[in-house]
Amino acid sequence: DSGVTQTPKHLITATGQRVTLRCSPRSGDLSVYWYQQSLDQGLQFLIQYYNGEERAKGNILERFSAQQFPDLHSELNLSSLELGDSALYFCASSVGTTVNEQFFGPGTRLTVL
Amino acid sequence: KNEVEQSPQNLTAQEGEFITINCSYSVGISALHWLQQHPGGGIVSLFMLSSGKKKHGRLIATINIQEKHSSLHITASHPRDSAVYICAVRRMGFGNEKLTFGTGTRLTIIP
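Residue numbers (this note's numbering), protein chains in the order written: chain A, 1 to 113; chain B, 1 to 111.
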């Protein structure tokens with residue numbers, strides 16, 4: 001158990017809908033990272049937050065957004081869902097912003113029908 | 001060309017064999033991570049390396065910064081080692097905490 005929690009574990013929804021994925025980092029970790037793992041693209045970095053502020057952005061679609069709250073939990077919002085958004089979404093956390101080990105949550109499996 | 005390349009893509013071996021998985025990268029890095037992903041999907045961080053060698057149980061990870069290459073070795077392999085092993089790098093420079101991933105090596109250990 002990495003200490004990172006993600007909810008829900010599974011999510012099935014329809015095209016055009018909006019969903020919110022939630023992540024709670026390990027106690028004491030200030031950085032949260034979101035990653036997407038799809039069958040054709042592998043693992044890709046989406047976005048990072050550090051202590052409530054956006055720190056880095058990767059291949060995140062405009063239909064997706066994220067935030068980190070004062071209690072350091074983070075939410076990833078996916079809207080206008082398309083079939084191609086079906087993937088595993090992982091959250092990871094680390095202590096800071098320098099070279100730190102990242103600890104991964106169990107992931108949320110999103111299926112868009 | 002991907003920034004991070006792994007080989008082999010798939011590896012099947014008998015229980016007890018010594019396993020080597022390779023990772024090559026083409027950018028300057030501040031750290032390299034080895035991750036393990038089990039069939040259920042969960043990802044476990046095995047090692048984070050910036051130089052030299054690290055050992056944990058039957059797992060050994062090495063990195064050669066000059067050659068931009070890392071290897072993950074498993075000694076006395078066991079069926080429970082069957083998983084996808086993923087190499088990921090953190091690029092050098094301010095604000096580069098994100099990881100860039102290889103495509104993974106699927107390891108199957110046969111009893």
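Hints in this document: simulated from the structure, not taken from any laboratory. Glycine included, each C-beta is placed from N, C-alpha and C at the ideal position. Any given hint could be a false lead.
To be verified - Part of the chain B face toward chain A, derived, beta carbon under 10 angstroms:
hint	residue
1	Val27
2	Gly28
3	Ala31
4	Met48
5	Leu99
To be verified - One side only, chain A facing chain B, incomplete, derived with CB under 10 angstroms:
hint	residue
6	Ile12
7	Gly16
8	Arg55
9	Arg63
10	Phe64
11	Asn100
12	Gln102
13	Val112
Claimed, not checked - Here chain B is said to cover these stretches of chain A; the calculated rule only asks that three of the stretch's residues, wherever they fall, bring their Cβ under 8 angstroms from a Cβ of chain B:
hint	region
14	65 to 76
15	81 to 89
Verification of the hints:
no.	hint	in the structure
1	Val27	14 angstroms, violated
2	Gly28	13 angstroms, violated
3	Ala31	5 angstroms, holds
4	Met48	5 angstroms, holds
5	Leu99	6 angstroms, holds
6	Ile12	16 angstroms, violated
7	Gly16	26 angstroms, violated
8	Arg55	7 angstroms, holds
9	Arg63	20 angstroms, violated
10	Phe64	15 angstroms, violated
11	Asn100	8 angstroms, holds
12	Gln102	6 angstroms, holds
13	Val112	17 angstroms, violated
14	65 to 76	violated (count 0)
15	81 to 89	violated (count 1)
Hint compliance for this structure: hints 1, 2, 6, 7, 9, 10, 13, 14, 15 are not met, and every other hint is.
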